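Starting from the structure of chain A, add chain B where the hints point.
Given next are the chains, with one letter for each unit.
Protein chains: 2
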Amino acid sequence: MYEMTIRLQADGNRCLYEQIYEHIKQEIKEGKLLAGERLPSTRFLAEYLQVARSTVDYAYGQLLSEGYIEARPYKGHFVCPVEELFRIEDMEFVGTSPWEREKEGDVPREVYIGSRREKVKDLEHEGKYNDHRVIDFSPFDIDMSGFPFGVWKKITKNILSYANSDLFARGESQGDYGLRQTVSRYLHSSRGVNCSPEQIIIGAGNDYLLLLLEKILGPHIHIAMENPTYKRSYQIFRSFGYHIATVDMDECGMEAKMLERQNVDIAYVMPSHQFPMGTVMPIGRRMELLKWAGRAPGRYLIEDDYDSEFRYHGKPIPALQASDQQGRVIYMGTFSKAIAPAIRVGFMVLPETLLHKYLKECSFYSCTVSRIDQSIINEFIREGYFERHLNKMRKIYGAKHELLLEGLQPLKAVFDISGENAGLHILLTSKKGTPEGALVERAAKCRVRVYGLSENMVKDREGSKTVLAGFGGLTNDEIREGLERLRRAWLDAE
Amino acid sequence: MYEMTIRLQADGNRCLYEQIYEHIKQEIKEGKLLAGERLPSTRFLAEYLQVARSTVDYAYGQLLSEGYIEARPYKGHFVCPVEELFRIEDMEFVGTSPWEREKEGDVPREVYIGSRREKVKDLEHEGKYNDHRVIDFSPFDIDMSGFPFGVWKKITKNILSYANSDLFARGESQGDYGLRQTVSRYLHSSRGVNCSPEQIIIGAGNDYLLLLLEKILGPHIHIAMENPTYKRSYQIFRSFGYHIATVDMDECGMEAKMLERQNVDIAYVMPSHQFPMGTVMPIGRRMELLKWAGRAPGRYLIEDDYDSEFRYHGKPIPALQASDQQGRVIYMGTFSKAIAPAIRVGFMVLPETLLHKYLKECSFYSCTVSRIDQSIINEFIREGYFERHLNKMRKIYGAKHELLLEGLQPLKAVFDISGENAGLHILLTSKKGTPEGALVERAAKCRVRVYGLSENMVKDREGSKTVLAGFGGLTNDEIREGLERLRRAWLDAE
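So the protein sequences, as listed, match chains A and B.
Numbered according to this note's numbering, the first sequence spans residues 5 to 498.
Numbered according to this note's numbering, the second sequence spans residues 5 to 498.
If we strip away everything but chain A, and leave its shape as in the complex, we get (with noise of 0.2 angstroms):
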């Protein structure tokens, strides 16, 4: 066991449990501490320090809700993987603790929000799985009962407090420059891309940013897609009258070979978790892309990190655009799925050639987003929140995550399991070849909802046996109750 050394201070300048939780922290992200390591008993520890055992309780919650620790049952606390972990290290801002905050009043406890707003669903929801309620395994659902409402309303209030005229006044056409250094950091630490504050463009939500970006490419562009992709990009390309150009995909993605038999000026890819496959690009058929757009004046990727931040297995994968020497990737994120789909807030990243082209054709239309909700958002990251969050969330999803994989396994004898790395949803295709209709339909009777991957489609070329089943909506309750009717659904009949 890790034999613990803290060196405690009763001067009142910081609590006792900031304190543990402070070593602790440090200790795991040094690397001192092991993934897998165990902890030492809060009982244990609390005696041996001479603090109150709540103190101690109190300070593995946090590393808890955190993602440092995970506790396992009757077995203790063990040190979660640190390479897995969302850091945003070299952010210079994110300087003082939680409890520094709460000191000064300005942060509410928010800590079990998470957990204990989901008991309150479970319980509710209890012994009435037998009505007529549908559970949707929808891919598109997130869980919103681990945000923060208490930081964000008290950001909200603090900004609106010191707030004048000019914060409600024009603001500049690609987005406060001080959001724009916060992006670029956060992009730099979190996903290795490489840019200036200059190259961000923030815009309110992805879909006016590739309306934006039509404006920029110019017209008459031919674009490939991977098949199957995300429907709303391809319908905005639909809409924009490009000559949209389909790309199979083998199990490192986009087909690179393939790609060069097309006559396309861009690709657009998911390099970091394909939607819906779930594919994860290997860095081989990243510089195939990288090569293919370098080769002609004119190309480009668009490399769409629509969900980077959710992985479970493995080191975090890096962006594309963090391989890009020669400026041909347009990276494009969003805070809507890490923080909240009403929170429009997207970003796009030009390369040096498009951003010339940017500032001088289109430079006039103005930012979509408020200056309020701009400066909210820079609170949130600067002030550490939004890694808290989603080391938070990591955690909430990578346990509904597991318990769908465990309940998966009754089924794995005629099915196929994948996509199941990252993200918000796995894909089970059918062995017996059973088509994804009939899959969707015997769910429905069994009132549970689940999507055929064709509808991710763009060209159907074969009947799909495959369907996408995503648990970010659904509480742990559900997802239990919701594999049971899948397997009564579909065992039954096989």
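Quick caveat, the hints were computed from the structure, so don't treat them as lab data.
Quick caveat: nothing in here was measured; it's all calculated off a predicted structure.
Hints should not be assumed to be uniformly reliable.
Note: identical chains are not told apart, hence a pair may lie in one copy or across any two.
Here are the simulated lysine-lysine pairs, BS3-like style, with alpha carbons at most 25 angstroms apart [to be verified]: (1) K416 - K435; (2) K219 - K463; (3) K364 - K235; (4) K436 - K449; (5) K235 - K361; (6) K463 - K364; (7) K235 - K219; (8) K436 - K416; (9) K79 - K33; (10) K361 - K219; (11) K364 - K219.
Below, chain B without anything else, positioned relative to chain A:
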């Protein structure tokens, strides 16, 4: 003098000043108190009603601030012309008076902020005009000193207090139905616009809404614009690759006969207050334009009603859409001018044919305004704050406008003044034919910024002799000093 009979109730249900305020407001609205009529002095009324003088002062202050009455130095208080008052009469939900809301503890006093802030600013500037500060008569700046920050913060706080995860979830593509209901009622009562909430699309500013409209209208559009016109819309249409035809204006606006000769599908007009000319399009010309649109399928008029709220003489001008019988008008408006530029909320009303196309082809574009911002705007209008704010701003802008026109008297010998009935700027045209460049340059030498009309010309067929002078963002003292400098710059030279 008007004889007042108020039955004051001392039962504590309503404050005394509230009863006085409500009574006088009602009398004005019902036409019992006529425009120009003098109110009793506060001293007289206080004695007559047997209340403290401060009670009457407070009631008059509220009426002043909302624009129902005006104060003339050494003469007393007079009723403002009622038809010029902005009213949202038919909106059933405007119920509670400001005091009732205050009693419920949800409204901070906002009444005097406008003038107070301005005074502060004036004091700061006093005696400093000999420094090198430039006075900028920008036609785009607005006065933020009248913005009800307190109310805005309070509404935001209330909304966030009751916010649940629904408010942070994805909303409807067209915007929340509740807000669309409110906007449709507002447009009907204040602008005569006939539309259902279903026809409205909420979006983050006009630029975005035009981007969306482009997708609805489809490619290869030929559009007619007034010359001169609003430059940003011109840039936007150009970035769409539209074929743009310019149509000259006479004193009634876009010349319908010239429009006939153009091979265009769409005409973009600002009938209520053309930018930059300030022209108000009379009903005859409106009918000609509507007839033009009705003569061929696929023809539409885009009505940009960007600042219809501020009008100083005569009755409010209804929207062109109000006269549209055949569904040919696309109506666009924004809250950026009347509330604050940073409030990125605009709206577009689609005629049935285009609504059908939108629903079929473009409704997947997600709404660009956060649901929180939508809720704030909705409350702001529903609770009557918008109406009060507009009346207050009309009063503030009206005073500045008058100050500007008075100060321009000495320049009338050498300048024609136009566009003086509405909006936040006027036009000055040199009678001697001095080119605008020389006018701008001479003004700049005296540290005043004015704007050449040609900046808004699409085709500059002859050398412009006209400059624009806006007053929205200037204090009274800045306007006075700016005019003094302009007289020096232009009269000495002419």
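Here is what the structure says about each hint:
1. K416 - K435: within (9 angstroms within a copy, 88 angstroms between copies)
2. K219 - K463: between (27 angstroms within a copy, 23 angstroms between copies)
3. K364 - K235: So K364 and K235 pass the 25 angstroms test across copies only (16 angstroms; inside, 32 angstroms).
4. K436 - K449: For K436 and K449, only the intra-copy Cα distance (20 angstroms) is at most 25 angstroms; the inter-copy one is 84 angstroms.
5. K235 - K361: Intra 28 angstroms, inter 19 angstroms, cutoff 25 angstroms: inter-copy only.
6. K463 - K364: between (37 angstroms within a copy, 21 angstroms between copies)
7. K235 - K219: Both. Shortest intra-copy (21 angstroms) and inter-copy (17 angstroms) distances satisfy the 25 angstroms Cα cut-off.
8. K436 - K416: within (12 angstroms within a copy, 90 angstroms between copies)
9. K79 - K33: within (23 angstroms within a copy, 75 angstroms between copies)
10. K361 - K219: Both, since 10 angstroms and 22 angstroms are each at most 25 angstroms.
11. K364 - K219: The answer is both: 12 angstroms in one copy and 23 angstroms across copies each meet 25 angstroms.
Checked against the numbered hints given earlier, this structure breaks none of them.
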